[in-house]
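J.: Given next are the chains, with one letter for each unit.
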Amino acid sequence: ELKVEQNPLFLSMQEGKNYTIYCNYSTTSDRLYWYRQDPGKSLESLFVLLSNGAVKQEGRLMASLDTKARLSTLHITAAVHDLSATYFCAVDPDGGSQGNLIFGKGTKLSVKP
Amino acid sequence: GAGVSQSPRYKVAKRGQDVALRCDPISGHVSLFWYQQALGQGPEFLTYFQNEAQLDKSGLPSDRFFAERPEGSVSTLKIQRTQQEDSAVYLCASSLGGVTDTQYFGPGTRLTVL
Chain B
1 ELKVEQNPLF
11 LSMQEGKNYT
21 IYCNYSTTSD
31 RLYWYRQDPG
41 KSLESLFVLL
51 SNGAVKQEGR
61 LMASLDTKAR
71 LSTLHITAAV
81 HDLSATYFCA
91 VDPDGGSQGN
101 LIFGKGTKLS
111 VKP
Chain Z
1001 GAGVSQSPRY
1011 KVAKRGQDVA
1021 LRCDPISGHV
1031 SLFWYQQALG
1041 QGPEFLTYFQ
1051 NEAQLDKSGL
1061 PSDRFFAERP
1071 EGSVSTLKIQ
1081 RTQQEDSAVY
1091 LCASSLGGVT
1101 DTQYFGPGTR
1111 LTVL
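Line by line, the protein sequences are chains B and Z.
Numbering-wise, the first sequence is residues 1 to 113 according to the working numbering.
Numbering-wise, the second sequence is residues 1001 to 1114 according to the working numbering.
Derived from the structure by calculation, the hints contain no laboratory data.
Glycine included, C-beta positions come from ideal geometry on N, C-alpha and C.
Treat the hints with care, as some may be off.
[As the list claims (entries may be wrong)] Computed cross-link-like contacts, DMTMM-like style, restricted to lysine to aspartate or glutamate with a CA-CA straight-line distance of at most 20 angstroms:
no.: 1; chain 1: B; residue 1: K3; chain 2: Z; residue 2: E1044
no.: 2; chain 1: B; residue 1: K17; chain 2: B; residue 2: D82
no.: 3; chain 1: B; residue 1: K41; chain 2: Z; residue 2: E1044
no.: 4; chain 1: B; residue 1: K3; chain 2: B; residue 2: D30
no.: 5; chain 1: B; residue 1: K56; chain 2: B; residue 2: D66
no.: 6; chain 1: B; residue 1: K68; chain 2: B; residue 2: E44
no.: 7; chain 1: B; residue 1: K105; chain 2: Z; residue 2: E1052
no.: 8; chain 1: B; residue 1: K68; chain 2: B; residue 2: E5
no.: 9; chain 1: B; residue 1: K105; chain 2: Z; residue 2: E1044
no.: 10; chain 1: Z; residue 1: K1078; chain 2: Z; residue 2: E1052
no.: 11; chain 1: B; residue 1: K108; chain 2: B; residue 2: E5
no.: 12; chain 1: B; residue 1: K105; chain 2: Z; residue 2: D1086
no.: 13; chain 1: Z; residue 1: K1057; chain 2: B; residue 2: D30
no.: 14; chain 1: B; residue 1: K56; chain 2: Z; residue 2: D1101
no.: 15; chain 1: Z; residue 1: K1011; chain 2: Z; residue 2: E1085
no.: 16; chain 1: Z; residue 1: K1078; chain 2: Z; residue 2: E1044
no.: 17; chain 1: Z; residue 1: K1011; chain 2: Z; residue 2: D1024
no.: 18; chain 1: B; residue 1: K56; chain 2: B; residue 2: D30
no.: 19; chain 1: Z; residue 1: K1078; chain 2: Z; residue 2: D1056
no.: 20; chain 1: B; residue 1: K105; chain 2: B; residue 2: E44
no.: 21; chain 1: B; residue 1: K41; chain 2: Z; residue 2: D1024
no.: 22; chain 1: Z; residue 1: K1014; chain 2: Z; residue 2: D1024
no.: 23; chain 1: B; residue 1: K108; chain 2: Z; residue 2: E1044
[Claimed, not checked] A few chain Z residues that don't get close to chain B, going by computed Cβ distances all over 12 angstroms:
no.: 24; residue: V1004
no.: 25; residue: L1021
no.: 26; residue: P1070
no.: 27; residue: Q1080
no.: 28; residue: R1110
Input sequences plus hints: build the corresponding full structure.
T.: Given below as structure tokens:
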């Protein structure tokens, strides 16, 4: 059974600080997705990582994928309050033949002044 | 352009009632997915359609759950004889259909079973 584990599950940061969220998964996959969810809202796509060594950046967020280690990271640089949300990683099992995603439990990020 | 829409946004049902949840995917999107999200958890896959064909229903938790997409566009998730454990947010997502395509999620339907 494919497992996707995120850590930490809860993260309280001060504005201006840097931090990394980790996503480990238990089967081979070279497709990994990061989503953001605000309270009471749906999921917003942040990054799609499609190969080993892929790195993508958008604003203060940077995501990377190491398929050999089965690890993806989401790095936050100089956090601001607007980044407060829950972040999910999701893995596409079965070699991506269908696209149904397996999600981690999410990391709830709170950025404080 | 218009995103994925779902209705109703909120549904309260008494235990034992049947409910129907609707999803309107982005126009032209071939693939449609249903997920269930319990409070404080990540979404869990329920079922997947490619056009009108239901290609995977392995995530449906019981035979009380039924999904259809008869014309390859709008989809309905039906839950019969609802139970309290069915209380969750039901998310619909659609994608163009390529295996690497991003899934775009709707706002969800929050189902509460009393």
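J.: For the pair supplied as a hint, K68 of chain B and E5 of chain B, is the alpha-carbon distance within the 20 angstroms limit?
T.: Holds, because 16 angstroms separates the two Cα atoms, which is no more than 20 angstroms.
J.: K56 of chain B and D66 of chain B: Cα distance at most 20 angstroms?
T.: Cα-Cα ~13 angstroms, so holds.
J.: Is L1021 of chain Z truly not at the interface, in the sense that its beta carbon sits beyond 12 angstroms from all beta carbons of chain B?
T.: holds (14 angstroms)
J.: Is K56 of chain B within 20 angstroms of D1101 of chain Z, Cα to Cα?
T.: Holds - the C-alpha atoms of D1101 of chain Z and K56 of chain B are around 16 angstroms apart, at most 20 angstroms.
J.: Given the hinted pair K105 of chain B and E1052 of chain Z, is their alpha-carbon gap at most 20 angstroms?
T.: With Cα atoms ~30 angstroms apart, K105 of chain B and E1052 of chain Z exceed 20 angstroms; violated.
J.: CA of K1078 of chain Z to CA of E1044 of chain Z, is that 20 angstroms or under?
T.: holds (17 angstroms)
J.: Would you mind confirming whether the straight-line C-alpha gap from K3 of chain B to D30 of chain B stays at or under 20 angstroms?
T.: Roughly 15 angstroms separates the two Cα atoms, so the pair holds.
J.: Taken at face value, is the distance from the CA of D30 of chain B to the CA of K1057 of chain Z at most 20 angstroms?
T.: Distance ~23 angstroms between K1057 of chain Z and D30 of chain B Cα, so the pair is violated.
J.: So if I understand the rule, the pair passes when the alpha-carbon distance is 20 angstroms or less; does K56 of chain B with D30 of chain B pass?
T.: Roughly 15 angstroms between the alpha carbons, so the hint for K56 of chain B and D30 of chain B holds.
J.: Is the straight-line distance between the alpha-carbon of K105 of chain B and that of E44 of chain B 20 angstroms or less?
T.: Satisfied, since the Cα-Cα distance of roughly 16 angstroms is no more than 20 angstroms.
J.: Decide if the proposed pair is consistent with the structure: K1078 of chain Z and D1056 of chain Z, CA atoms, cutoff 20 angstroms inclusive.
T.: holds (16 angstroms)
J.: Holds or violated: are the alpha carbons of K3 of chain B and E1044 of chain Z at most 20 angstroms from each other?
T.: holds (12 angstroms)
Hint check: violations occur at hints 6, 7, 13, 22, 24 and 28; the rest are consistent with the structure.
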